[in-house]
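Protein chains: 2
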Amino acid sequence: MENKVFELLAEKKYTRLRSLLAEMNPADIAQILNESPSKEQLPVIYRILPKALASEVFAYLDSDMQQLIIETFSDAELREVLDELFLDDTVDIIDEMPATVAKRILKQTDAATRKKINQLLAYPDDSAGSIMTTEYIDLKRDMTVDSAFEKIRRVGENAEDIYTCYVIDKSRRLLGYVTVKDLLLNGRDDIIGDIMEENIIFATTLEDKEEVADKFQKYDLTVLPVVDKEDRLVGIVTVDDAIDVLQEEATEDIEKMAAISPLEKSYLKTDTFSIFKARIPWLMLLMLSSTITGAIISSFEARLTVFPALIAFIPMLMGTAGNSGSQSSVTVIRGLSLGEIEFRDIFKVLWKELRVGIIASIALAVVNFGKMWLVDYWLLGTFDSGKQLAEITVVCITLLFTVIAAKLIGSVLPILAKKIGFDPAVMASPLITTAVDAISLVIYFAVAMLLLEF
Amino acid sequence: MENKVFELLAEKKYTRLRSLLAEMNPADIAQILNESPSKEQLPVIYRILPKALASEVFAYLDSDMQQLIIETFSDAELREVLDELFLDDTVDIIDEMPATVAKRILKQTDAATRKKINQLLAYPDDSAGSIMTTEYIDLKRDMTVDSAFEKIRRVGENAEDIYTCYVIDKSRRLLGYVTVKDLLLNGRDDIIGDIMEENIIFATTLEDKEEVADKFQKYDLTVLPVVDKEDRLVGIVTVDDAIDVLQEEATEDIEKMAAISPLEKSYLKTDTFSIFKARIPWLMLLMLSSTITGAIISSFEARLTVFPALIAFIPMLMGTAGNSGSQSSVTVIRGLSLGEIEFRDIFKVLWKELRVGIIASIALAVVNFGKMWLVDYWLLGTFDSGKQLAEITVVCITLLFTVIAAKLIGSVLPILAKKIGFDPAVMASPLITTAVDAISLVIYFAVAMLLLEF
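Heads up: the sequence lines are chains A and B, in that order.
The numbering of the first sequence is our numbering, which starts it at 139 and goes up by one.
The numbering of the second sequence is our numbering, which starts it at 139 and goes up by one.
Be a bit skeptical, because a hint or two may be false.
Each pair may be met inside one copy or between any two copies, as identical chains are not told apart.
Each computed EDC-like pair below joins lysine to aspartate or glutamate, with the alpha-carbon atoms no more than 20 Å apart [unchecked claim]:
| # | residue 1 | residue 2 |
| --- | --- | --- |
| 1 | K319 | E222 |
| 2 | K394 | E234 |
| 3 | K151 | E387 |
| 4 | K353 | E386 |
| 5 | K356 | D200 |
| 6 | K356 | E140 |
| 7 | K415 | E178 |
| 8 | K403 | E178 |
| 9 | K353 | E140 |
| 10 | K525 | D276 |
| 11 | K142 | E178 |
| 12 | K308 | D522 |
| 13 | K525 | D248 |
No lab work stands behind these hints, which were simulated from the structure alone.
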């Protein structure tokens, strides 16, 4: 498809290009434009699109593409696109544009719309208000089904969701909702107030948008009303925006677990320096925190030169402990995120990790004993002091304790971090790494001192 | 809420409990039952629920709770619940039950339903067929809007989504769709064939369910038709199931990045041994792969005893390289998952990581130089051979090269893994860890040999 588009463009076969594009889905056209290598051609392709399709494509474009196209627009063209966009999309676009472009967009909207846009722009970035739209259908409780249908037919063209209509009183307080299904399955003269559902799931404007998205998943919603502090209906959130929030949330969790500050845009659209800034703080912190492990090793330096074979197993012990700990912490962090694990489960989690840790550490120690005997002793000749059996035993016993300790630390720290109000994914990773690294070395040298003349 | 429910239950105030529950959302009731500590009370609470609500609650219950309740059901009660459930939910339940319970459920369904259930059960676990339902509304192209409404009113009660109706021909081939919005905004005598949209996004029964879920996100869908090999409409997937797939997918990616095989159920519902089995293979593999790092250290053992200060920095160097590599690999793996990064972007990614790696490694090396001078030399006295400056230089130069190498390996391996058909999240993690660990040691000792008499 993509090649065909650029081929027709190069050959200036605009009529055929227009009919090819008209058959395509707006999201697919936007993807071609977003990934297009030559930016000059964008406005050309965009202008070829039939008008209604052009506005739909516009909403799917990346913000840098949107800006590029807006800059080629006349005021009349800009107004046309804005008229077709849903208000939440307009707000998202303004939010991403440089001030001059944002001002130009606002100038092309009528006073009422501008007021609404400014209200939506004022909500904090991570709130329900920031992802809602004001284009919903509201009904009064004394309307009949027939008059409800009439209203839907009148205003439905511009509503983002017409299938759930909200029933409000004179001061716009949310009383309940009816679905178009309810309207279709009831008599034409039935009264909305009698058939509406009053038991309603809603969000408040300042609620965290991640909580809002979780409600969509928990209650299988496609749309959710948003009310202000006085319980007045001010907007709706639709499921497509909720999905975007859920995906962003998962990406952020993944980034935080890998010690990266979340990126604002997608990776390929983010400049080198922003990626650097997102990564360097944790790298720096983790590098400096390994002063602790360095100091522990230094203080045992003299003894290590007497048992040099023990040096070779430091990376394996720290690595296995680190992997064991991160398995536990990542599982628990995701569970906390999905609401599957809560603070009251802390002892259940500890008990489970203790048992998993015991079985896993025994399995690892046994396999490691065999491997050290066969590979390190016979094959590689790592041991040459005549103390090989004792040294192998030290390594395996260390493994037993460190794996269990790492699993307990890895599982409990995220839960505690969340309890005291920190982000478990952010707080847990550096703390757990540092703690597990230090503890595994201390256990190693302690076991060595007990069993060897270390 | 939860406490109130168990309080009323303990006091046997069943009438008040019933009216309390009747006001609640089925997902909330299911959550209370799922998290209830005493399993004996479940059937009691469940029986108190008004019938229509009971079936809704049932669909939200965890499978062990469903089994518990089914076992207390008479055949008549079971039939009642099954009649209310959507077919995809019934299939999910049967899929999770032991064979005897599954058989009992199938026995309570009529022959036609049983046939449909068996067809749905036959689709592979990760296919579009496995998450679809057959309860959709289909129309013929020569119907009028009025007759379409009539059909919706007739069969709508049992359809999972009534707002998108699919237009099919005599052999059930999918021709297009009309939404209820289209029906409302067109004249009553208009012909479906004239107003239907033919440009349609669909899935095929055997398509990977993750690809299906990605389509919901890309095209902002709430429902998606599924066709078989002959283009015949066989079912629909609704957005609530797509959200579940997206969330599962993110959880699986997170688990794989942390070297865990994905769990079937939620963490707290998974038994100790299953968690052990999901974690031990990678722990074992990574432990054994550190034989490589061990062997590298062993072979430099004699020289390390001459420069014992260098031992203390091994964990820091390997740790910083590991963190740098995992930052890159995790970013790239998530980008691949979200479709933001593709194979053709490999050089863009490498170039970006090279630049980020250069800036980051210089920043780390400079800070580390200062820190080693101040903390390790002056404060901790790690160096005592009179070669401190040379040794510090060795560590910092190693840092420069390892961070860049780690970022390049971490970013390119997942892309290559995906290209040759492996799961980037699974393949990348152990390979990257092993490669980065080994490479950082080799660089360390190589730099030491060049700059010191090592």
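Hint by hint, which ones does the structure fall short of? 2, 3, 7, 8, 10, 12, 13
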